[in-house]
Amino acid sequence: MSVETTDIDVKDKFVELYNNNQDILKKGAPDYINQIRDEAFQKFKKLGLPDKKNEDYKYTDIKSLFNNGLKTFLSPKDIEFNVDDIFKCDVPDLNTEVIILLNGWYYNREKQLAELPGGAVIGSFQKATEEYPELVKKHFNQYADNEKEGLVALNTAFVKDGIFLYVPKGAVIEKPIQIINLLMDDENDFTQHRNLFIFEENSQASLVVCDHTLSTSNFLTNSVSEFFVDKNASLDFSRIQNEHNGSKQVSHLYFYQEKDSRINTNTISLHGGLIRNNINVLLNGEGCENNTLGLYLTDKGQHIDNHVFIDHAKPNCTSNQLFKGVLDDYATGAFNGKVLVREDAQKTQAYQANNNILLTDDATINTKPTLIIYADDVKCSHGATVGQLDMDALFYLRSRGINEKEAKLLLMYAFAHEVIKKIKIPALQERIHELVDKRLRGELSRCNFCYMNCK
Amino acid sequence: MLSIKNLHASIEGKEILKGINLDIKKGEIHAIMGPNGSGKSTLASVLAGREMFEVTQGEIIYEGKNLFDLSPEERASEGIFLGFQYPIEIPGVSMVNFMKTAVNEQRKHRGLEPMSSSDFLKLMREKKELVELDAGLANRSVNEGFSGGEKKRNEIFQMAMLEPKLSILDETDSGLDIDALRVVANGVNKLKSPENAAIVITHYQRLLDYIIPDFVHVLYDGKIVKSGDKNLALELEEKGYDWLKKSVVTS
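These protein sequence lines are chains V and S, in that order.
Mapping of the first sequence onto our numbering: position 122 corresponds to residue 122, and the numbering continues sequentially without gaps.
Mapping of the second sequence onto our numbering: position 237 corresponds to residue 237, and the numbering continues sequentially without gaps.
Think of the hints as simulated: they come from the structure by calculation, not from any bench.
Cβ atoms here follow ideal geometry from the backbone N, Cα and C, with glycine treated the same way.
Among the clues, some could well be false.
[Claimed, not checked] Keeping only pairs whose Cα atoms sit at most 35 Å apart, straight-line, the calculated DSBU-like set for lysine-lysine is:
no., chain 1, residue 1, chain 2, residue 2
1, V, K408, S, K245
2, S, K25, V, K405
3, S, K100, V, K300
[Stated by the list, open to error] Just so you have them, the derived chain S footprint on chain V, three or more residues with Cβ under 8 Å:
no., region
4, 62 to 73
5, 385 to 396
Here chain S stands alone, though its shape is the one from the complex (with noise of 0.2 Å):
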């Protein structure tokens, strides 16, 4: 589905990705964990199509297609979601609205009919229920005044709504208590399905004891210094980043 080969990315000059490899198949969930500054959040948002972001080298493949030819919107209709670490706020736009619009371009880009009111209701329901968000966020503006978890909470359900092939969530678990957690680990795991992926971006092992991932992988300074299964976040946990620091530096 996805094939990451020799990234290298900086911004206004700095490289902070220095040589990326990952491929992803239907079905997996990739866990990818790291110190701060290792360039987690810059992968999740190159993948995204963050335009700040200057790809030096290397390249992407997408479900056969080069990602890089592909603008934010596009790749968001072609099943790329993103979890943001900060969701934004934006004031005066409805989360009906927003939902709304951003489902229905995603249907025009893929020759679809646009929804009909009812049915974009009921499915707003439905998905609602899954991440127990308050049945008055629908009239609020986008994230604003939405607490930490409410936000995070919020971008699972955009998650749910847009049905992506394949899933980045950026620390959707950092700022959250484990009630919170639990509902966003638990919307994850229900949209998980043989045909989609997903990419979780975490700093803590916390989230993978609800999240079983098939794969970890440790970025440091730019780069996979490790790959394993899910008890290379348990060892992560135990011996912390600093051990990982030392074996990069001697190896």
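Only chain V is shown next, with the shape it has when bound in the complex (with noise of 0.2 Å):
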């Protein structure tokens, strides 16, 4: 089952795809979920998309990205590929058993829950809503904004899958989980997966999200993931973006912090042709940590756009927001950074900073760091640079006998660095630091698919 959304007013097809196919869309789903569905939609029909008009979403034309006749999908299609033959992993000390979406599906369709150490789960969201149902409820939808986001609200209105990953109270997993989105169609599609994460107290995890296109079709993606992260509970968040230039994605995390928690994540965009991360997190208690970082590499066309809103809700907690880019050719970025500080939010440590590098005269940058304060007993900085590369430092490296392509470079790694380095895990580190540099060099756009596939 699809339709096709090429119309100008796509919010009207959204509308009649709902009301069309609400048998396929709810059949299956619990009534709890339908409901939540249902609620969704009549918010999505006050909000529908947002246009330049919306200060959020300014420097990114979201409108237009759905006029390309592009199909939505009710069901899983039937598409063969051998993951084998795609993932030879030689990356030690990450999870061996990969889990994969395939167009916003789970790919394992002959089991869709997996147990992990220490009794955590791990699988299909959809089977998770009926095998978990009270897990889910207390947390779907709990985190994500359907209020002031149309984008969301359209995805909580066509939840059917994604992944869905429980860690229990006190539970270590010790080796990364590596989830890969994959995107493979020799259709045009637009997908829209849905992921809830719960770490419970004193829990600990890393995760390791891979965006790839295994297919030269257009692809456009919304989606949704909310972390709950409870009390105490420690959580990496590593996300690699390597999509083909023909793709888009708009991407909306919500995390939630208790008490003491600490999340650090890197979002590193390597390639697509349209990227546009909406990164929220919620400080909902005292003495919490979180680190936001992002890295992006551009070219051609390309165009990213991070949107990063930090929420002090709690006394003593501390933020870091680093976003660092190098921009080359005519690719255009943005980057949107806010922390908000509020008015019980004593004792905070708020830091955030946007640096970018452009390459050509071409390219261009729009930053646009703020900070908005209700406390009075707190400690916050933010900045932001747009600059070229450092000719001082250019002209020393190829003194020493360096020639000018290979400085450049060595100075975009190290640019990039910074953020590489904040990387807790050393195998992916590693392997993102080799990616960096054959990204800047313009040679990783050979290698298609993941990272992992280390042929």
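Assembly of the complex is requested from the two constituent chains, each provided in isolation within its own frame, with the hints serving as guidance.
Below, the structure written as structure tokens:
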């Protein structure tokens, strides 16, 4: 079942799609999900898709993305490929069992939920709504913003599948879990997956999520992920975005942090035609730590837009934001980082920085770091830079015999390194180091597959 | 080895070098002295290929080649080394990676295979001792957080690693205490051979107590106004640059 979304008024198309296919959407989903679905649908009808008049989407034209003859599939299509052929993994220390989403659907239809050490569970979100209704009820759609974000309401209204991860109280998952979002079809698809990650008290885990395209079709993804991180829990989350330049994605991440919890996120954007990352963090308990980092390397006509919101709702929390980017050719980008320190959030420490290098006169970046502070005893800083490569440093390197191209690469790599060195998993750090090096050399486009593809 | 003829150079339309003539042969050490603003550092930059300076007249022949045909990296690979007056900090590039890239790029230029990692590390260890550099330096970023003395020693260390034919040391002695000065001078002296040459640019005669030059040239207002042996440096020390300025005006 599919419907093309070509018309100018995309909102109406989605409304029609929803109304005409309610039976398919609701079939197999528990009532509590369908109730949330209907509510979200009403909100979407009201909100529609954000246009450029919306301050939050000023630099990224969302509406035009939908006018591409994209198809929406309400059930998984049979697409055959041999996982073993594509992912011959040689990265040590990562969980060898990779979790795959194919066009937004949990790939392993035979075994939709799997146990991990310590009683943790990973698998299909759709399956989890049946098997773990209490957990899903408690957390699903609790952190995502359906009130203001039309795209989130759209995702919720059409919710079907995605990743479900549950890490119970005290469980420590030693090896990082790898999740791969694959896009592969001979048609142009619009996909929306929905992830739910639950980390209970004192638990610890790390996640690596990779986005990849395996066919040349045009893709548009609108994904929502919710993360509940309970008291004193610890989460490391790395994301590698490496889709081809004909694909576009908007992702919404919602992190909810309880007292004394710690989250590190690294968003490494290597390739993709258009990438919009919304990263929302709510520090809702004392003593939380949050490090939200990002690196983007773009060229040609690519567009990257990182939108970060850190909400300090409670005292004694620390947050660090660091986003760095290198833009080449006529690439465009935007960074919008907002830190809100609420009245109660005394002794907050919040730091924010966005640094950019533009390699050509045609590359552009719009950066807007913002602090909104209502508490009076806080330590906060923010800043943004846009510049070129340091000509003195370039000459210094060349004067030692290093040719200009190599010297520029060294400097760009050094610039990116500040983000890469913060990646906590050594094997992953090393791999990203290699990837970034390749990307800067312009060699990565040859490798269309996952970074795990080590053939 | 090096022949500079009637060299004129300017920056943003302002002429700094106004007709330099200088010949340097293998095995020689030339000291260039002069007051601030006389063009000493500009001469060093032009030799190394800094693009911000425009050469308006004259020529430089190095080892039979027109120097102006060579990019800064080609000059380095052909054996020219500039010790910077103000070494640049490059956060994120480790000393090891920097030197390894430099050594291997130069080897590539000469048609040699890249050096193996073990050979390279051995070479680094040897040369570090020469300038008494801290062992932890290798893992640090280039010049980042180095003290003034460490930065200058690092320049000599790089010179030792790259084994240039012609070294140009631009005020390597300024800002150094006497111990650091000895270390730097000692490094330079150990690297001296009948096959290579050095240009030592300095503001102070003090360095020349440790590095004995074969020739001393005095640069003033973009020209070499006086040349002599090491005694000229002593004379300058005694009489000051004013003596020279006057003699230039009167002559």
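Consistency of the hints with the structure:
1. K408(V) with K245(S): violated, 43 Å
2. K25(S) with K405(V): Satisfied, since the Cα-Cα distance of roughly 33 Å is no more than 35 Å.
3. K100(S) with K300(V): Answer holds: K100(S) to K300(V) is near 32 Å, not above 35 Å.
4. 62 to 73: Three-residue rule not met by the region 62 to 73 of chain V, so violated; n is 0.
5. 385 to 396: It holds: at least three residues are needed, and the region 385 to 396 of chain V offers 5 whose Cβ sits within less than 8 Å of chain S.
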